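> Sequence:
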Amino acid sequence: TTFQDGGEEVEDGAVYNVTLKKVQIQQAANKGARWLGGEGDQLPPEHTVRQYETSKIRAIKAGTLEKLVENLLTAFGDADFSYISIFLATYRAFASPRAVLELLLDRFGNLETSSNGEVANLNSLESEMVLRAEIASVLRAWLDQCSEDFREPPDYMCLLKLLDYLKNNMPNSDMESRVQNLLKQFQNQEVEAVDGFCSTSSNGLVDGEELEISNPEEFSSFQDHVVAEQLTYMDVMLFRRVVPYHCLGSIWSQRDKKENKNLAPTIRATITQFNAVTKCVISTILGTRELKIQQRAKIIEKWINIAHECRILKNFSSLRAIISALQSNSIYRLKTTWMFVSKDVLLMYEELSEIFSDHDNYLTSRELLMKEATSKFANLDSSEKENQKKSQKRLQLQKNKGVMQGTVPYLGTFLTDLIMLDTALQDYVEGGLINFEKRRREFEVIAQIKLLQSSCNSYCLIPDQKFIQWFRRQRHLTEEESYKLSREAEAAADTNILSPKSQKSMVKRISTLFLGTDVFTPPKEQPPKSSPVGGSSGESTDSASVSSCEFNHSETEDVCVTPVSSPEDPLKKVQLRPLHAAGRPKTLAQGSCSDKGCSSKGSTSDPGSGSDSGSLPSRDSGSVPGSAPRVLPVYNRQSEGSCIIRVSMDGLHDSVYKSILITNQDRIPDVTQRALLKHNLEPDAVEDYELVQVISEDKELVFPRDANVFYGMNSHVNFDFILRKKA
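Using this note's numbering, read the sequence shown as starting at 51 and increasing by one per residue.
Worth flagging that the hints you see were computed from the coordinates, not collected in a lab. All figures in this text were calculated on a predicted structure; none of them were measured in a lab. Where hints are given, some of them may not hold.
[Unchecked claim] Simulated crosslink set (DSS-like; lysine-lysine; CA at most 30 Å straight-line):
(1) K117 <-> K500
(2) K393 <-> K348
(3) K348 <-> K211
(4) K534 <-> K348
(5) K348 <-> K516
(6) K421 <-> K385
[Claimed, not checked] Pair ranges (Cβ atoms, derived):
(7) E404 <-> F131: 36 to 42 Å
(8) D738 <-> G481: 34 to 40 Å
(9) N507 <-> G701: 43 to 49 Å
(10) L313 <-> V73: 44 to 50 Å
(11) Q195 <-> D514: 52 to 58 Å
(12) E747 <-> C510: 19 to 25 Å
No residue lacks a Cβ here, since even glycine has one placed at the ideal position from N, Cα and C.
Based on the sequences and whatever the hints tell you, model everything.
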């Protein structure tokens, strides 16, 4: 089989990509070979005649909503077999379920005979039956893949409309009974609140219980594998409930608007759980002042071992949450405590951290995730013999149980990719047609999420109510509290630890182990700023501000996310510069943000920033053979006259950035207006703002009124900008 590009076909309201598919359908002996009595499959190629058939594959590239809906009925005839799945997974970005259903049923599914006796757009009973079968096929796929689209309490208008259509056109069919059952199911289910998922909200507490700081002895009583299994159980329950279209960049980026406070509750619940794990790690390590250094080090070791158990269970969400907490400033700065962590455990921590290295756009974690997405068990490799033995022993125990494992991903990577796609590709093309090529690219990411959700059905985990209640009871420390406790713990360690001589020996031993040198220089600590931060125990997890790096469109209502930089052991890492306060716990956010601190050199970035390679998912699935994807603009690199910059607002929104696509034709007023729109501010106020690029901590590049941003910007530093109100 060979493919050949057939160009484009333009119709009224639609543009199609055409691919010619050439397939060999028969091989026979030529005339001379037949005279000799030879058979075609027994002869060399020069004595045979091959017959080929060329078929045309049409894939819609752009079109009006009417054409896109009509194409649902003709896609199979055009050999575009993935179109229905792509449309159903992404149409919420440009249309509502009601609009699509009305077009499908009223315009294309109206089989009633008109007053003059003519059947609309049909010439025969046969074509009517074909059309009815095509509509039934689309509706069946819709109910199979996206039944949540019809959950519209309390009226369920779309479901009732569909049921009415089926009663009139397909009475007593299996689909009619199925829709009736779905309607009853929705009506009987209680409407779940935004925080109605497994979370650390006080709503999950038994009457009379209060939030409390973790008791080290109680935490130590839970076995490492039990903690990992329970965290995985909670993550699986949440991830399986994620509605894939909520992840689309055009939808997720709108969550900071006031009217969208309940948007994408399934993603918010997943993020809340991630933050709860990270904050639980910090609270158990710092929450008890009376702990001795060795006891605190044991708790750190326990969390590293739990992270390793999460790796065995292929739970990359809680794994990253734990690593993020251990890399947070308040834990990382405990230099003396880290000296008491055993060598083997530190090496294990370093290997786990390397999974989330930001090198080459987080290539390691991406490849590992796809490699293990559908594998039965984790593929564990360790450079340390002791860790390798331990890993293989635990893995063998899992295999002996005979139960396959799923894979729980770190959802932030997918959200970042989808937001980058939404930023880089236009929603509409020339003529006001919907850009469906963009939806095909987005579907490649959505398909990965669905595949992983399906794999989660392989888990067989039983909830441990004792641990879950303990987990929900934990009072989370605010950033100021964790930083204060971290300083107190380190100060106590400095006064009570070994003699100066033995302390110097300990530092030298650790330095030699990790740095290959006899000199160890601990990182400088930075005092917290006085600006308020969110994330206190009394607040909702949606009220705190975000740290940088995760998901390009961000908001001030989210908890911070870790920008896992070059993950190495804490004695080897360079200084992390916090956003609001040194000691900010870097936890998962529902968005991304940036400020001057993140823009300075040495700052870290996540896949959302695209600062390494900016690569996006390859076009392997759901695409038309023979069509090559174009190079997309990325963050921190100018390419083919375009790039992506990050713009934060000075003052009120200084912790939030938005990703903006600019070209070599854009000048200051254009970019300023788009930035104001992205931040939900009045776009007419362009004259009141100035745009500056952050060069370093003490340097900024101020642009003249009509400057060309693309050519005027400094391309040798991060593409981080600030929109500041003029004095």
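> Now, for every hint given, state plainly whether the structure supports it.
Hints, verified against the model:
no., hint, in the structure
1, K117 <-> K500, "holds (27 Å)"
2, K393 <-> K348, "holds (13 Å)"
3, K348 <-> K211, "violated (61 Å)"
4, K534 <-> K348, "holds (21 Å)"
5, K348 <-> K516, "holds (22 Å)"
6, K421 <-> K385, "violated (36 Å)"
7, E404 <-> F131: 36 to 42 Å, "holds (40 Å)"
8, D738 <-> G481: 34 to 40 Å, "holds (35 Å)"
9, N507 <-> G701: 43 to 49 Å, "holds (48 Å)"
10, L313 <-> V73: 44 to 50 Å, "holds (46 Å)"
11, Q195 <-> D514: 52 to 58 Å, "violated (34 Å)"
12, E747 <-> C510: 19 to 25 Å, "violated (52 Å)"
Of the numbered hints stated above, those contradicted by the structure are hints 3, 6, 11, 12, listed in ascending order.
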